[in-house]
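Protein chains: 2
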Amino acid sequence: MTAPDFTSTVHIQCGTCPIRQRAVCSRCDASELEELDQIKYYRKFDAGQSIVWAGDCVDFVGSVVTGVASLAQTMEDGRRQMVGLLLPSDFVGRPGRKQTRYDVTATTDVLMCCFRKAPFEKLMATTPSVSQRLLEMTLDELDAAREWMVLLGRKTAKEKIASLLVIFARRSSQSTVPAYAGSIIIDLPLTREAMADYLGLTLETVSRQMSALKKTGVIVLQGKRQVIIPDFEQLLLETGDDSDGGMLD
Amino acid sequence: MTAPDFTSTVHIQCGTCPIRQRAVCSRCDASELEELDQIKYYRKFDAGQSIVWAGDCVDFVGSVVTGVASLAQTMEDGRRQMVGLLLPSDFVGRPGRKQTRYDVTATTDVLMCCFRKAPFEKLMATTPSVSQRLLEMTLDELDAAREWMVLLGRKTAKEKIASLLVIFARRSSQSTVPAYAGSIIIDLPLTREAMADYLGLTLETVSRQMSALKKTGVIVLQGKRQVIIPDFEQLLLETGDDSDGGMLD
DNA sequence: CCTCGACCTTGATCAAGATCAATTGGTATT
DNA sequence: AATACCAATTGATCTTGATCAAGGTCGAGG
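Sequence lines, in order, name chains A and B. Mapping of the first sequence onto this note's numbering: residues 1 to 249, in sequence order. Mapping of the second sequence onto this note's numbering: residues 1001 to 1249, in sequence order.
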């Protein structure tokens, strides 16, 4: 495990950036990108490393470029709940607030594109393409949070697991295979414990339900982290959601 | 129960509007208010009445002026989870989306200040004071949703009830009594069933835990809906949250 | 006054998931 | 090769809250 990499030599040209199409900057024109470029820098985090702790004063905001990070809150007696899953292009930090409310942790190796906070806030005030995009992304996150509330409040353990697998299957089939062509293979970026934190379960229950899904043939495990989904429709049935998947706009 | 009141004669001058300081319009100047005034109208809903159903196409967005409404999602087998509680000044609807994802229901009599959607969206694009305020409100809602996720995923039934009472106590002491001066009295705007929908419990469990809190003297019930909190600190202890209450900025 | 219906409370029982504990399998360390 | 370590699995038992069921309270309307 290496120390935090503050002085990274990584530098990505916005034009070739893998999250160019979906991040806060997706609506920026060339001159706006140049402004952003002046206040941006990259940081790498190793899997398991903390990015910020709840209560920290943070002087940057930014986007996840590669890897997976998680937002979590810990109660004083140690109970832990993940409240956000940050995938590439997701935004980290809240403009207009000094301290973070949540622990942000790298669950895999993470590369972040950071913006110094004060200049970013100034830029936001004068650049509608940034603030509008951020509003849109925040509304999407709110929708995701609400879907997650249904999961936490009303779904059974098995439904929770199935729902989580569907989320990863959707995300990975988006970026790799042209969706649902036969079986889907996903690499779980989370430990059983992190899955439990996400789903409001214990890691033992996660493990048992994974085994149960394996026994009924809904999933096939290759090692601990690689999951094969032979029939996506069958997995969908296990989520408890209604069939259409709620495609809205 | 009366029919939906589309042709309400209610009209409030923005200058005297009770939610003027906190709603989407809170940063508008006189001329912006005038623009809003041209596209605004009022609608009343009776307690229990549906405002919109999930999947509906809605041609307005707006603010709750008085009363309490709830956002909820229903699973196909009838399990129901509330995903948002809309109090005066809260915003309803999502700009840029045709259909609603959630059922919006008036839990008490509600007065809404509605804006026709298309003109509102156009106005947003040209009026930073509106879109910035909406971003801020959405970020606040996201924080609230995340706190709620901790509640749903990790809190015990008793902690859930206590947390809900604290939320209402905070909101009502904000608008009435100068906070924590001895005992606090709150009128619950929710039935036991609605509380259960909010908390991811059954109504029986809600009732039992209310009785338990009554028996230990943490709360006193006057009728079914009026709750007296003799010692707010003691109620806070029952929530499972850490003591400081997480005052951030 | 009585009845009806909505809302709430309480009791008995059951099941899902938590907890506690032991074991396995894989990988890094020496 | 032996050891230690970590994540994951599996088993046994316990607890919390769900479920099923019965009754109570209160206000509105005949």
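Hints are computed from structural coordinates only; laboratory data are not their basis. Beta carbons: idealized from backbone N, C-alpha and C, even for Gly. There could be a bad hint or two in this list.
What the hints assert, rightly or not - In silico DSBU-like cross-links for lysine-lysine, where the CA-CA straight-line distance does not exceed 35 Å:
{"hint": "1", "chain 1": "A", "residue 1": "K122", "chain 2": "B", "residue 2": "K1044"}
{"hint": "2", "chain 1": "A", "residue 1": "K215", "chain 2": "A", "residue 2": "K158"}
{"hint": "3", "chain 1": "A", "residue 1": "K158", "chain 2": "B", "residue 2": "K1122"}
{"hint": "4", "chain 1": "A", "residue 1": "K158", "chain 2": "B", "residue 2": "K1158"}
{"hint": "5", "chain 1": "A", "residue 1": "K98", "chain 2": "B", "residue 2": "K1122"}
{"hint": "6", "chain 1": "A", "residue 1": "K158", "chain 2": "A", "residue 2": "K214"}
{"hint": "7", "chain 1": "A", "residue 1": "K122", "chain 2": "A", "residue 2": "K214"}
{"hint": "8", "chain 1": "B", "residue 1": "K1044", "chain 2": "B", "residue 2": "K1215"}
{"hint": "9", "chain 1": "B", "residue 1": "K1224", "chain 2": "B", "residue 2": "K1158"}
{"hint": "10", "chain 1": "B", "residue 1": "K1214", "chain 2": "B", "residue 2": "K1224"}
{"hint": "11", "chain 1": "B", "residue 1": "K1122", "chain 2": "A", "residue 2": "K122"}
{"hint": "12", "chain 1": "A", "residue 1": "K224", "chain 2": "A", "residue 2": "K44"}
{"hint": "13", "chain 1": "A", "residue 1": "K98", "chain 2": "A", "residue 2": "K44"}
{"hint": "14", "chain 1": "A", "residue 1": "K158", "chain 2": "A", "residue 2": "K122"}
{"hint": "15", "chain 1": "A", "residue 1": "K98", "chain 2": "B", "residue 2": "K1158"}
{"hint": "16", "chain 1": "A", "residue 1": "K98", "chain 2": "A", "residue 2": "K158"}
{"hint": "17", "chain 1": "B", "residue 1": "K1098", "chain 2": "B", "residue 2": "K1122"}
{"hint": "18", "chain 1": "A", "residue 1": "K224", "chain 2": "A", "residue 2": "K214"}
What the hints assert, rightly or not - Part of the chain A face toward chain B, derived, beta carbon under 8 Å:
{"hint": "19", "residue": "G67"}
{"hint": "20", "residue": "G78"}
{"hint": "21", "residue": "G93"}
{"hint": "22", "residue": "R101"}
{"hint": "23", "residue": "D103"}
{"hint": "24", "residue": "E141"}
{"hint": "25", "residue": "R154"}
{"hint": "26", "residue": "K158"}
{"hint": "27", "residue": "E204"}
{"hint": "28", "residue": "R208"}
{"hint": "29", "residue": "A212"}
Unchecked claim - Over the 12 Å line for every Cβ pair with chain B, so calculated as not near, a few chain A residues:
{"hint": "30", "residue": "T16"}
{"hint": "31", "residue": "A47"}
{"hint": "32", "residue": "D77"}
{"hint": "33", "residue": "D143"}
These are the hints, each one checked on the structure:
As the CA atoms of K122 of chain A and K1044 of chain B are separated by approximately 40 Å, the hinted pair breaks the 35 Å bound. For a cut-off of 35 Å, the pair hint linking K215 of chain A to K158 of chain A stands: about 13 Å separates their Cα positions. Using a Cα cut-off of 35 Å, the hinted pair K158 of chain A and K1122 of chain B is violated, with the two alpha carbons roughly 45 Å apart. At most 35 Å may separate the alpha-carbon atoms for a hinted pair to count; K158 of chain A and K1158 of chain B meet this at roughly 25 Å.
With a C-alpha separation of about 32 Å, the suggested pair K98 of chain A and K1122 of chain B falls inside the 35 Å cut-off, and the hint holds. Our distance criterion of 35 Å between C-alpha atoms is met by K158 of chain A and K214 of chain A, whose separation comes to about 12 Å. Of the pairs offered as hints, the one joining K122 of chain A and K214 of chain A is violated, with about 52 Å between alpha carbons and a cut-off of 35 Å exceeded. A hinted pair counts as satisfied when its Cα atoms are at most 35 Å apart, and K1044 of chain B with K1215 of chain B does not qualify at roughly 39 Å.
Note on K1224 of chain B and K1158 of chain B: the hinted pairing holds, with a Cα-Cα distance of about 18 Å set against a maximum of 35 Å. Under the criterion of a C-alpha separation no larger than 35 Å, the hint pairing K1214 of chain B with K1224 of chain B is consistent with the structure, at around 12 Å. A distance of roughly 24 Å separates the Cα atoms of K1122 of chain B and K122 of chain A; the hinted pair therefore holds under the 35 Å criterion. As the CA atoms of K224 of chain A and K44 of chain A are separated by approximately 26 Å, the hinted pair is consistent with the 35 Å bound.
Our distance criterion of 35 Å between C-alpha atoms is met by K98 of chain A and K44 of chain A, whose separation comes to about 22 Å. Of the pairs offered as hints, the one joining K158 of chain A and K122 of chain A is violated, with about 46 Å between alpha carbons and a cut-off of 35 Å exceeded. Pair hint K98 of chain A plus K1158 of chain B holds up; C-alpha atoms about 33 Å apart against a cutoff of 35 Å. For the hint linking K98 of chain A to K158 of chain A, the alpha-carbon distance of about 39 Å lies beyond 35 Å, and the restraint is violated.
Between the alpha carbons of K1098 of chain B and K1122 of chain B the distance comes to roughly 15 Å, so the proposed pair stays at or under 35 Å and holds. In summary, the hint linking K224 of chain A to K214 of chain A is supported, as the alpha carbons are separated by about 12 Å, within the 35 Å threshold. For G67 of chain A, the shortest C-beta to C-beta distance to chain B is roughly 21 Å, which exceeds 8 Å, and the interface hint is violated. Hint status for G78 of chain A: violated, given a least beta-carbon distance of 10 Å to chain B, over 8 Å.
Proximity of G93 of chain A to chain B is violated relative to the hint, the smallest CB-CB distance being about 11 Å (cut-off 8 Å). About 6 Å separates the beta-carbon of R101 of chain A from the nearest beta-carbon of chain B, less than 8 Å, and the hint is met. Because the beta carbon of D103 of chain A sits about 12 Å from the nearest beta carbon in chain B, more than 8 Å, this interface hint is broken. Here the hint on E141 of chain A is kept, as its CB sits about 6 Å from the closest CB of chain B, short of 8 Å.
Hint status for R154 of chain A relative to chain B: holds, with the closest Cβ pair at about 4 Å, below 8 Å. With a least beta-carbon distance of about 14 Å to chain B, the hint placing K158 of chain A at the interface is violated under the 8 Å criterion. A least Cβ separation of about 16 Å between E204 of chain A and chain B goes past the 8 Å threshold, and the interface hint is therefore violated. Against a cut-off of 8 Å between C-beta atoms, the interface hint on R208 of chain A is violated, since the closest Cβ of chain B lies about 18 Å away.
Using the Cβ-Cβ criterion of 8 Å, the hint placing A212 of chain A at the interface with chain B is not satisfied: the shortest such distance is roughly 20 Å. The claim that T16 of chain A is not at the interface with chain B holds, since no C-beta of that chain comes within 12 Å of its own (minimum 29 Å). With a least CB separation of 23 Å from chain B, A47 of chain A remains clear of the 12 Å interface cut-off, as annotated. Distance to chain B contradicts D77 of chain A as a non-interface residue, since its nearest Cβ pair spans about 8 Å, not more than 12 Å.
Separation of D143 of chain A from chain B is inadequate, the least Cβ-Cβ distance of about 7 Å not exceeding the 12 Å criterion.
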